[in-house]
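Enquirer: Residue numbers (the working numbering), protein chains in the order written: chain A, 1 to 136; chain B, 137 to 272; chain C, 273 to 408; chain D, 409 to 544.
Bear in mind the hints are in silico, worked out from the structure with no lab data behind them. One thing to keep in mind: the hints can contain errors.
[Claimed, not checked] Below, computed lysine-lysine pairings styled on DSS-like, alpha-carbon distance capped at 27 angstroms:
(1) C:Lys408 - C:Lys321
(2) D:Lys541 - D:Lys457
(3) A:Lys62 - A:Lys133
(4) B:Lys223 - A:Lys62
(5) A:Lys49 - B:Lys185
(6) D:Lys457 - C:Lys359
(7) A:Lys87 - A:Lys49
(8) C:Lys321 - C:Lys359
(9) B:Lys272 - B:Lys185
(10) A:Lys133 - A:Lys87
(11) D:Lys470 - D:Lys544
(12) B:Lys269 - B:Lys198
(13) B:Lys269 - B:Lys223
(14) D:Lys470 - C:Lys359
(15) D:Lys470 - D:Lys495
(16) D:Lys544 - D:Lys457
(17) B:Lys223 - A:Lys87
(18) B:Lys198 - B:Lys272
(19) C:Lys334 - C:Lys408
(20) B:Lys223 - B:Lys272
(21) D:Lys457 - B:Lys185
(22) D:Lys544 - D:Lys495
(23) D:Lys470 - C:Lys334
(24) A:Lys49 - C:Lys321
[Said to hold, decoys possible] Here are some chain B residues pointing at chain C (derived, C-beta under 8 angstroms):
(25) Asp143
(26) Glu147
(27) Trp148
(28) Pro153
(29) Ser164
(30) Trp171
(31) Ile177
(32) Asp180
(33) Phe207
(34) Arg208
(35) Glu237
(36) Pro252
(37) Arg259
[Claimed, not checked] If we take Cβ atoms under 10 angstroms as the criterion, some of the chain B residues that face chain D in the derived model are:
(38) Cys151
(39) Leu156
(40) Phe158
Beta carbons: idealized from backbone N, C-alpha and C, even for Gly.
4 protein chains.
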Amino acid sequence: MRSLTTDIVVEWEDCDPAGLVFYPRFLSYFDRGSWNLWHAIGLDLPAMKALGAFGFPALEAKATFHYPCRFRDRLRIVSEVAEINSKTVRVDHTIYNGEQEAVTGYEVRFWGVGHPADPQGVRAGVIPDEVLKMLK
Amino acid sequence: MRSLTTDIVVEWEDCDPAGLVFYPRFLSYFDRGSWNLWHAIGLDLPAMKALGAFGFPALEAKATFHYPCRFRDRLRIVSEVAEINSKTVRVDHTIYNGEQEAVTGYEVRFWGVGHPADPQGVRAGVIPDEVLKMLK
Amino acid sequence: MRSLTTDIVVEWEDCDPAGLVFYPRFLSYFDRGSWNLWHAIGLDLPAMKALGAFGFPALEAKATFHYPCRFRDRLRIVSEVAEINSKTVRVDHTIYNGEQEAVTGYEVRFWGVGHPADPQGVRAGVIPDEVLKMLK
Amino acid sequence: MRSLTTDIVVEWEDCDPAGLVFYPRFLSYFDRGSWNLWHAIGLDLPAMKALGAFGFPALEAKATFHYPCRFRDRLRIVSEVAEINSKTVRVDHTIYNGEQEAVTGYEVRFWGVGHPADPQGVRAGVIPDEVLKMLK
């Protein structure tokens with residue numbers, strides 16, 4: 001299934017007083033990897049809106065930290081569609097720090113139909129066929 | 137084992153263009169819950185330093201999102217020590233949005249011996265007995 | 273004119289590898305102070321929407337840093353409406369760290385008419401009379 | 409004097425419920441621009457440490473917002489050393505969104521001698537001659 005690689009430099013703002021990346025930032029990196037993947041397959045926000053959705057909000061996320069990352073480290077995020085269900089998709093992420101596997105994890109995301117301005121907000125809906133084709 | 141409740145108001149900066157809390161922010165809330173718990177049991181950063189450590193860096197984190205959280209929602213984080221091993225501790229977190237269980241998850245954290253200024257930085261060490269007593 | 277005090281504890285995520293609050297975070301604190309002020313005077317987001325607006329986006333911001341702030345420091349933000357014009361308002365902020373004046377600054381914000389879903393987005397408009405009364 | 413251009417894509421996490429970049433994020437962009445500038449002139453963190461310092465903490469920062477920036481906008485930050493004093497340096501920043509001047513501003517930063525582990529922490533010191541040469 002579809003995958004994408006995103007290069008990132010660890011910024012000063014990503015690091016904590018221990019000199020390490022503040023761990024929730026790695027989940028932000030996952031999120032960037034996923035958005036970049038959506039864009040790469042033709043699914044940018046205007047395309048999502050044309051299909052009645054407003055992004056793929058997260059249902060679940062997990063990360064395991066194997067190797068420390070510090071200021072100015074050059075990271076490589078490999079993001080891959082790993083599982084597709086009727087309303088959700090799982091994206092697996094591996095973050096490399098040089099040769100080292102630094103972080104592994106995944107996100108489960110749902111197809112967010114509706115619009116923030118709706119009274120019910122954005123909610124899970126069935127992924128349209130054209131999106132399924134893009135994800136594969 | 138020890139637990140603590142932290143009250144949080146969702147800030148404007150925590151929310152994304154979908155009007156929802158940007159999901160990695162919930163992991164930041166977990167982190168706040170854990171630091172508040174360490175402080176409540178007498179384990180603030182100076183106490184950690186006196187014991188040769190510099191925090192409890194994360195080894196693993198997972199979150200599941202059950203219910204949407206939006207700007208100005210008043211959240212309640214219940215953080216509880218759930219498992220203690222020789223070098224690691226697991227903290228379970230439940231975030232309530234009013235009556236609703238909004239987010240559940242956990243962090244596995246290691247006892248981070250050393251100091252950021254050390255050449256090897258902060259690394260996993262055996263949790264001292266006095267810390268084990270505090271956690272229970 | 274109207275003012276409000278907000279209490280804040282410096283979180284781990286707010287601090288950088290130098291052990292100091294990452295300076296743009298102080299501007300986030302300003303933003304929190306302003307939102308709290310809007311709420312205190314009856315101008316929450318639903319009230320703004322009822323008046324055709326979606327917040328008070330920033331036009332200008334300045335901060336001067338006088339005294340260091342570190343992890344777990346207890347800060348007090350005093351936010352005060354300092355100047356009102358037809359489309360903009362200036363809010364002055366002073367952040368105290370204990371007895372010390374740690375940060376001083378201001379934001380100029382405009383009345384953001386419209387809605388993010390509008391083709392032109394949120395733009396500057398004349399502040400309605402009822403809002404002017406609330407600000408004074 | 410020395411200047412540098414940094415390219416940035418606005419990430420989902422940078423945007424607020426109004427669909428606009430949360431304004432303190434622009435100051436984070438300034439900070440990235442400054443760090444990139446230090447690196448470009450040979451002044452990375454190890455080089456700073458070798459000279460007895462730990463970064464250039466901020467003393468003052470100002471930003472004016474001229475044009476809206478939204479998710480996926482491609483920004484260009486031009487950062488330029490604008491003034492050098494014995495202990496401080498002013499860096500001017502202009503952020504372009506396409507052809508538009510979106511944000512203008514500056515930071516005044518001091519040469520931060522010492523180390524976070526010092527009892528007095530990082531404090532202002534006289535900028536060494538070799539650093540003055542790099543900045544010009």
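Enquirer: Each hint should be assessed against the structure and marked as holding or not.
Expert: Do the hints match the structure? See the list:
no.: 1; hint: C:Lys408 - C:Lys321; in the structure: holds (20 angstroms)
no.: 2; hint: D:Lys541 - D:Lys457; in the structure: holds (17 angstroms)
no.: 3; hint: A:Lys62 - A:Lys133; in the structure: holds (26 angstroms)
no.: 4; hint: B:Lys223 - A:Lys62; in the structure: holds (21 angstroms)
no.: 5; hint: A:Lys49 - B:Lys185; in the structure: violated (51 angstroms)
no.: 6; hint: D:Lys457 - C:Lys359; in the structure: violated (48 angstroms)
no.: 7; hint: A:Lys87 - A:Lys49; in the structure: holds (16 angstroms)
no.: 8; hint: C:Lys321 - C:Lys359; in the structure: holds (16 angstroms)
no.: 9; hint: B:Lys272 - B:Lys185; in the structure: holds (20 angstroms)
no.: 10; hint: A:Lys133 - A:Lys87; in the structure: holds (14 angstroms)
no.: 11; hint: D:Lys470 - D:Lys544; in the structure: holds (22 angstroms)
no.: 12; hint: B:Lys269 - B:Lys198; in the structure: holds (26 angstroms)
no.: 13; hint: B:Lys269 - B:Lys223; in the structure: holds (14 angstroms)
no.: 14; hint: D:Lys470 - C:Lys359; in the structure: holds (21 angstroms)
no.: 15; hint: D:Lys470 - D:Lys495; in the structure: holds (19 angstroms)
no.: 16; hint: D:Lys544 - D:Lys457; in the structure: holds (20 angstroms)
no.: 17; hint: B:Lys223 - A:Lys87; in the structure: violated (40 angstroms)
no.: 18; hint: B:Lys198 - B:Lys272; in the structure: holds (22 angstroms)
no.: 19; hint: C:Lys334 - C:Lys408; in the structure: holds (22 angstroms)
no.: 20; hint: B:Lys223 - B:Lys272; in the structure: holds (15 angstroms)
no.: 21; hint: D:Lys457 - B:Lys185; in the structure: holds (23 angstroms)
no.: 22; hint: D:Lys544 - D:Lys495; in the structure: holds (15 angstroms)
no.: 23; hint: D:Lys470 - C:Lys334; in the structure: holds (4 angstroms)
no.: 24; hint: A:Lys49 - C:Lys321; in the structure: holds (23 angstroms)
no.: 25; hint: Asp143; in the structure: violated (12 angstroms)
no.: 26; hint: Glu147; in the structure: holds (6 angstroms)
no.: 27; hint: Trp148; in the structure: holds (6 angstroms)
no.: 28; hint: Pro153; in the structure: holds (7 angstroms)
no.: 29; hint: Ser164; in the structure: holds (5 angstroms)
no.: 30; hint: Trp171; in the structure: holds (6 angstroms)
no.: 31; hint: Ile177; in the structure: violated (15 angstroms)
no.: 32; hint: Asp180; in the structure: holds (7 angstroms)
no.: 33; hint: Phe207; in the structure: holds (6 angstroms)
no.: 34; hint: Arg208; in the structure: holds (7 angstroms)
no.: 35; hint: Glu237; in the structure: violated (24 angstroms)
no.: 36; hint: Pro252; in the structure: holds (7 angstroms)
no.: 37; hint: Arg259; in the structure: violated (17 angstroms)
no.: 38; hint: Cys151; in the structure: holds (5 angstroms)
no.: 39; hint: Leu156; in the structure: holds (9 angstroms)
no.: 40; hint: Phe158; in the structure: holds (5 angstroms)
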